[in-house]
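Use the sequences and the hints to build the structure in full.
Sequence order for the protein chains is L and Z.
Just so we're on the same page, my numbering is the position in the first sequence counted from 1, plus 138.
Just so we're on the same page, my numbering is the position in the second sequence counted from 1, plus 1149.
Just so you know, these hints were derived from the structure itself, not from any lab.
Warning: the hint list may mix true and false statements.
Straight line, CA to CA, 25 Å or less: simulated DSS-like cross-link-like pairs of lysine-lysine [said to hold, decoys possible]:
{"no.": "1", "chain 1": "Z", "residue 1": "Lys1241", "chain 2": "L", "residue 2": "Lys244"}
{"no.": "2", "chain 1": "L", "residue 1": "Lys197", "chain 2": "L", "residue 2": "Lys713"}
{"no.": "3", "chain 1": "Z", "residue 1": "Lys1209", "chain 2": "L", "residue 2": "Lys197"}
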Amino acid sequence: MPNRFHRWIAEHSIAVLMATLILSLLALLQLFDFQNARLRLSIDPSLDAISILTPQERKFDSLVRLRFGNREPVMVMMQVDDVFLPKNLQRLDRLSHDLQQLDGVKSVDSLTLTRLPRIERNDLNYSPLTPTSLQDPQIARELRHSTLDNPLIAGQLVSRDGSAAVVLVHPASSDELEILHSDLARRIRQTADRQAGPGVRIHVTGAPLIRSEISHTLTSQMKTMIPAIMLVIAVLLALVFRSLRAVLIPLLTICVAMLWVLASFSVAAIPINLVTALTPPFIITMGLAYCAHVISEYEQIHRREPALSAQKHIASLLQETSIPVMVTGLATIAGLLALTLNEQRSMIEFAAFSALGTLFLMLLTLLLVPSLLYFCKPRRRDQPLAGEAMLDQAIDTLSKFDQQHRKQILWVALIVFAGSLLYAAQIRIGEQLIGLFPENSRIRIDHAAINQKMGGVNPVYLAFEGGAEDVFTDPNILQQLDQLEKWVSQQPEVGSVLGLADHVKLLNRYLAAEASFAIPASRDAIRQMLFVGDGEWQRSVVNIDRSASLIQIRLRVDDTARIAPFLDRLQLRLKQLPGGLEIHLGGGAVIMTESVRKATSGQLMSVALALLLIYLCLSLQFLSFKIGLLATLPTALQTALYFGMLGLLGVSLNPTSVLVETLVLGLAIDDTIHYLSRFASAAKRSGSETIAAQRALQSVLRPVTVTKTILIAGFLTMLSGDLSSQALFGWLAALTLFCTWLVDIFVTPAFMSGLRIVTLWDTLRLNLGAQVQKTIPLFRGLSDRQSRIFALMANLHTLPSGTRLITEGDESGDIYVIIDGEVTVFKDIGDDHIELARMQRGDVVGEIGYFGQRRSASVDTVSETRLLRFDDEDKERLCRAYPSIAARIFLNLNRVQAQRQAERNGLIEKFNGKAQPSALPDEKNPSFDSSLHSPAKP
Amino acid sequence: MKPYYRLLPTLFSLGLFFNAGIALADSNADKSIQEIAQCMRVNVFERGAVRDFQIKSTDKEGKSKTIQFKAFWKPSKTSDVIRITLQVQEPKALRGTSYLVVKNLDSEKLYLYLPALRKVRTLQGGEDSQKLWGSDFSIADIKQLQGLMIEGVVKRLPDETIEGRPAYLIETSHSGTGHFYRKVRSYIDQQSCLLLKSELFTADDTLSKVLKADISTLLEIDPWWLIQGYRMSDLRAGTRTDLWLSDIFINERLPESLFTPEGFYIEQE
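Quick look at the structure:
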């Protein structure tokens, strides 16, 4: 029966619609700045969003930036045949000056602008290269000679083969968002492109540009991709349901939920980042699934009971769907909140806002959808839609197939589960920032070109904290750092290394006129060299009081799966350095690698916790830990299947693939709970799990299939996205949805049909009426709860016809309640077989045993009979655990006994003179097991 | 390694050229730009010594480094050449590090001596925009401060008051390339013709650096005026450099050997 809440919603549809409208308007006002015609929502494509830095690490990273400057410049590479030709040097000089003039550029390093010392005629020369001097072939030749063996220039500003020169453009601000908003990276590229021409190629890369491109792509995707997905969904909904109602209601629900979530982002002043950008697809997915179930159920109710009023339809709909929707919502929220175990800020934000979105969807599905349905009564179709009969036929066949091949299906599921776990163990953890872009994109081509020519792009730094002034003028320490630099440069992932040792060696070579690069043995010499060489270039590797130093590394690789082993080796190598130095690893590559590593390593824990929370939710729904556990298994299988696919297809576990997993969990829960809910109610109605499995499948197959088909199509539209992470998200989600659909239609029904969900209590209620205390004398006066407890402490027996239940003269304390079937109570006296009574469902048999007497008559089943049996042990347990229930039961037994006594007296009178007194109960045998017919039969 | 040698004449210009001016006797309110420039330029000490010249650089983190020099300058008897010698006194590890700058209108040459190496090296060239000795001064800064009245478009703006002292406000703008700063605004004390404050603007019209005199150190050594302390703040980098001049000997007679490549590093009292 619909409860008050269901009826209230059904009666207040207008109020619900108005409340939704008001809240949505408020959300719109929050989200959209009408005055300036812009969204109050920012995009944050920074690495910060996906980085896992402790406050201490973050503080140190800021300190490193403060001391040594922002080590992530935009790299502009000019690729020509020979950089040292005068015309190319002039072009490089123009390029450098043009870039230096740009607003927002702090400084520019290039071969022509950065005056590093060179030896000319035995003098150290710092003369600036003027445009005029660059026309002189002699100067160009000297420049080639003096720079290609200079470690501060060769491999840093000019490629070692002299065919490419790099201009390092340092933004004035180190704030990523500020750089983004000024569109600096794109302006740099546009300015640089002006120098391109025949024989001159311009390539641009660097973290600011990559982030800028991600930001622009994300913004445009938000504007185009989400509407595109919605459009695809709308078209498919229209095709499937052929009803405007079935299209508009889900879309409206999703839009409202999306609006509320985006407004929540705005209220919290949290920008959308690489990870939280996947919240909208999540909301679309879950919203569609929720609505499809509810609308499908509504149509079934409407078909089943067309004569009911609109209010009663809505109340019935809520009665059927409110619990599964709430359990689904809460379980999904619980699963999402398990992600908050993650250390990654963006993952926590994704979990929090997706959980909030799920809550909104849950409320809207329970409030808005029924209210809208109230006003959108479905048309009565004279004929079913084309394909519906076919679908019904398919469901029937499928259901039978699942029943008949239950064992085989479960074996296959088990094998798939085991295989999935095996493949899941092979999952590779990794992420590529540049890999987010398509291979033929300009940014990726440029990145590869600079990486190849300049020996690495991806920045890593090693920051050393000496703890006292002048530590890094100690020749021994500089020797150690020099050795470390050599070791680093030999690693295959490393393109270039630059540190204080290089500066000191260069200064020593020029100032001491040493032939080779070497660290001076005298500390004072080092101090004096660093003093005369002090400036911005040197400050990028050592601070003002020489208490801290930095080694800059550029990696050739971008994939964190390849960076991680290098970082591990580096950590081991760092342990060989002398004590007293505090060492920190940093830079974009390190942050990215460590973030991916931590985000994914915590994933197993998150999944385990999510499954545990889902298990608890399901256990609560079915009030049984065992059923909760069994109901969780399909979700566990779907999760394992997903991770197995990642391993099998070689897809890296990264924040994107982790997020698809949350989607899998959410949908798996939704399908399982809707299936289970219908299965449970059908089982209780029919008293048979087999029939229930069939009916539940009939009920959910349509919405599950429709939802999955539409979502798969919707996600496949993401394949056209500009970022590979979104394309990956799209096809991974689509493939996973298909696999979960297979689990939904084969494994879950096969699994559930073997689940013994119909309890004794359900059987009692099914056979003896909803209020068994009114139909069974033994239960009289007990509340529902007490009746249920007592019933659940008993045992159910099914006996075939002609089975002896009680034998006269036996000593036994068992009491029976007949659930269905019939028994006969009789006495055999000599050759006479005297039937004393026939008993049917609801009757109590054998109550005399309670009084410690021998059985006074025999009882046989007349037909197949189901009985509830209470033995001595049950009674003892009852007395101990529930004395109040026991007291009531014993009182009822006394009543039964009194009734029997009255009947006996009646029988004595009836048999007086007609039978032998010995055949009747006497003082030693005061009663016989007989019946007490219930006053009302169900 | 930095082109510090080009800084030296200009540092002295900053410290002494701008600091020292013959006091103007009459009212300054109606002076033309040329008259103000003349007033500022009129007293460059021909020779002299500063036996306590300190540069204290402070980075963004708040850590600082102080270098103390002795400086000597003297014109050549035979040609129009400026010669300047700098000898580092503190910190001790750097003591004895010395520079000799020989500069005429067309060329400049720098000799460097490092005591730990016991070698004199000759250097050529330099870089305008790089900071010197890790300080907040670059050649570009000094050049533009030097060229306040003679380069670019100079205009006089309404007078201002700096810490209670009436000041001329002169703005020098550069439209072409070759100047790091697009605009320099200088506040010149009306009484002493000393530079009280300069604001340096980059191409995007952003205030980049501020040079400010410590007016409490304003001295009158009749007939000259002198400010002993200046601070240059780099607003974008968040760093600052303090200059301090004391123990000044004007027109002191100095040995010729102090300005030769063979003797410039020999310590003088």
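The hints, checked one at a time:
This hinted pair does not check out: Z:Lys1241 and L:Lys244 have alpha carbons roughly 35 Å apart, beyond 25 Å. Taking the CA atoms of L:Lys197 and L:Lys713, the gap is about 23 Å. The hint holds against a cut of 25 Å. With a CA separation close to 15 Å, the supplied pair Z:Lys1209 and L:Lys197 stays within the 25 Å bound.
Checked against the numbered hints listed earlier, the structure breaks hint 1 alone; every other hint is satisfied.
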